[in-house]
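So the protein lines, in turn, are chains F and Z. The opening position of the first sequence corresponds to residue 3 in the working numbering, with each subsequent residue numbered one higher. The opening position of the second sequence corresponds to residue 3 in the working numbering, with each subsequent residue numbered one higher.
Just so you know, the hints here were simulated from the structure itself, not pulled from any lab data. Be a bit skeptical, because a hint or two may be false.
All copies of an identical chain are treated as equivalent in the list; a pair is satisfied when it fits inside any one copy or across any two copies.
Mimicking SDA-like on lysine to any residue, the simulated pairs with C-alpha atoms at most 20 Å apart in a straight line are [stated by the list, open to error]:
#1 Lys226 with Ala204
#2 Lys157 with Trp84
#3 Lys102 with Val349
#4 Lys226 with Pro76
#5 Lys218 with Gly264
#6 Lys102 with Leu71
#7 Lys102 with Ala335
#8 Lys218 with Arg287
2 protein chains.
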Amino acid sequence: MGAGLLEVTVDLGDRDYPILIGAGLIGASQTYERAPAGGTAVVVTNTTIAPLYATRVAETLQRRHARVLQVVLPDGEEHKNWVTLNTLFEALLSQACDRKTVLYALGGGVIGDMTGFAAACYMRGVPFVQIPTTLLAQVDSSVGGKTAINHPLGKNMIGAFYQPRLVVADLDVLDTLPDRELSAGLAEVIKYGPIADADFLAWIEANLDALLARDKAALAHAVKRSCEIKAWVVGQDERESGLRAILNFGHTFGHAIEAGLGYGEWLHGEAVGCGMVMASELSARLGLMPAGFVDRMRRLVERARLPVQGPAQLSAPRYLELMRIDKKAEAGAIRFVVIEDLGRAGVRTAPDELVADVIEAHTAA
Amino acid sequence: MGAGLLEVTVDLGDRDYPILIGAGLIGASQTYERAPAGGTAVVVTNTTIAPLYATRVAETLQRRHARVLQVVLPDGEEHKNWVTLNTLFEALLSQACDRKTVLYALGGGVIGDMTGFAAACYMRGVPFVQIPTTLLAQVDSSVGGKTAINHPLGKNMIGAFYQPRLVVADLDVLDTLPDRELSAGLAEVIKYGPIADADFLAWIEANLDALLARDKAALAHAVKRSCEIKAWVVGQDERESGLRAILNFGHTFGHAIEAGLGYGEWLHGEAVGCGMVMASELSARLGLMPAGFVDRMRRLVERARLPVQGPAQLSAPRYLELMRIDKKAEAGAIRFVVIEDLGRAGVRTAPDELVADVIEAHTAA
């Protein structure tokens, strides 16, 4: 199966932007036609992605910008902090980049989050373009305008809501993605089914093998449908005051796993995969969904080669403690995204004992 | 003369906010009625202002918020940087401040800029209230939503456009303002005349002695009219793409003086005062204004006890060099705000030789 060019529009009033999805995009001039023209383009990438794709992107951008610079940052979540961000600011300032400079974020979620936040802050805001190179970034972090860096006291604590002008989701770059990261991306793809689209959940179940085999047409549909759902949710609630919370299905449990093990031990998508199983269990225990739904979700997460059991070293009380300091908690109350019906999610609180039971039911002995 | 409560609305669509202007405001409960209610209020102030006003503000806020914290930062432009900002983030995170936390910026421009930027970034945005304690902050930095910190390579380079929910301009707090800072604030008040309101310029000339004597009614009118003009300009052009540039009358020259001498040597308002004389001269040399306008502006700036001559140690070529790296320059072209008619400003470029002549005409031998 081939994959033509697909497009999703993120509709945010005066800050609409297109997501282009297809093969062979990053080296094609017409891909960038809807990026702002300007004197200087800065390709911000990391040491892993730079040797693979940076030259191709930079050479293509030279047809659109008078000057193209590259800034290569260290790779890894542990570098998503002020020190690395400042490296980028220093490069921009020392190269006399002005307010018309366009930043191109070429990388996964970490590069996207940092470059987006840098774009939000540099001279109080310059335009930026996302070129996500992981499935996770293509379906999740490149849509919705959440940018951030980590603080030693909490993940993503310092950031901004800031929208890109264009997102380029090139399916070819997923060819070089490690299997483990492909699976982590599929966790977020799976998420969109139960929270918003029962048919999409069935489609994922039917096409999971093709997705794992990196079939371009299957990936194109998965990315497109995921972006459509996320774009719809974000369009309703850009600043995360209500509906947008449903995108965090599996994330309350998942964040506790990530924080409890130390960030980087499990990939974000792995923690979300396991977290979705727990959140499905919670939905069932609250009487919202039948027990069969938990089995269905667990099987799908497992087929995607993601963990379905929490790590043995994290106790239920430790989860509760970590969840209470999550930035989505309000006045100490933990808010859980639950499935209320296939394709519809809601936010609930739950008694600590019930949450502990749920965790223990899905934790390795 | 007494001063009743005056109010100016900054009209920015869904982000309207009121500026309250009057005496005795900071200790009155009703002042804060239009601030967001919420669990935690954090009064962010500095070591100079804290002993004078922090307790009064904090005690008043206790009637509105369940918890009121104080964070006292070091005083001075040299602390408007990431290190100080991070002190604030650490205080917020270690005290488990959530997304409903309201930050109250109690201080001058530095506290306002840093607290506003912290509010813009903390958990991707929490509400904040400005309580400006200098005349400069009351008429300038508290209106318009510009927040920032400095970078070693440039002033205000890292920041955001982020609007407060409420601004409280209490004229009583100006009683403790040093004379030099009162004059610096008057520079920005004077600015609003030539760029937007010829009658206001005449009013300032007629009432300058009362302003210098800190007459409350005169100050109230000066603050109100300044905020009205700035609010009108910002309402037309929130993101500084066009009209808003006129607020920088005198600032292109002024920033060069500040940067050339090292920040802190001259106060910002002092540099702007002298810069306005130079910008008036430029307007005359470009044939836009009569020579008498330059004399009129120079006399008024001088009466406000502000410098009217540039520092002897800065040469015209050095000004030009510094102006070219200002973040308002575009592709190396320096953009000057000039007066085209009394009460109307525009943006022009000018030949280097002419600019050098202008600088030399107003520089101490």
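Here's how the hints hold up against the structure:
no.	hint	verdict
1	Lys226 with Ala204	within (16 Å within a copy, 62 Å between copies)
2	Lys157 with Trp84	both (12 Å within a copy, 18 Å between copies)
3	Lys102 with Val349	between (41 Å within a copy, 18 Å between copies)
4	Lys226 with Pro76	neither (30 Å within a copy, 50 Å between copies)
5	Lys218 with Gly264	neither (34 Å within a copy, 57 Å between copies)
6	Lys102 with Leu71	within (14 Å within a copy, 40 Å between copies)
7	Lys102 with Ala335	between (43 Å within a copy, 13 Å between copies)
8	Lys218 with Arg287	neither (38 Å within a copy, 65 Å between copies)
When held up to the earlier numbered hints, the structure conflicts with 4, 5, 8 and fits the remainder.
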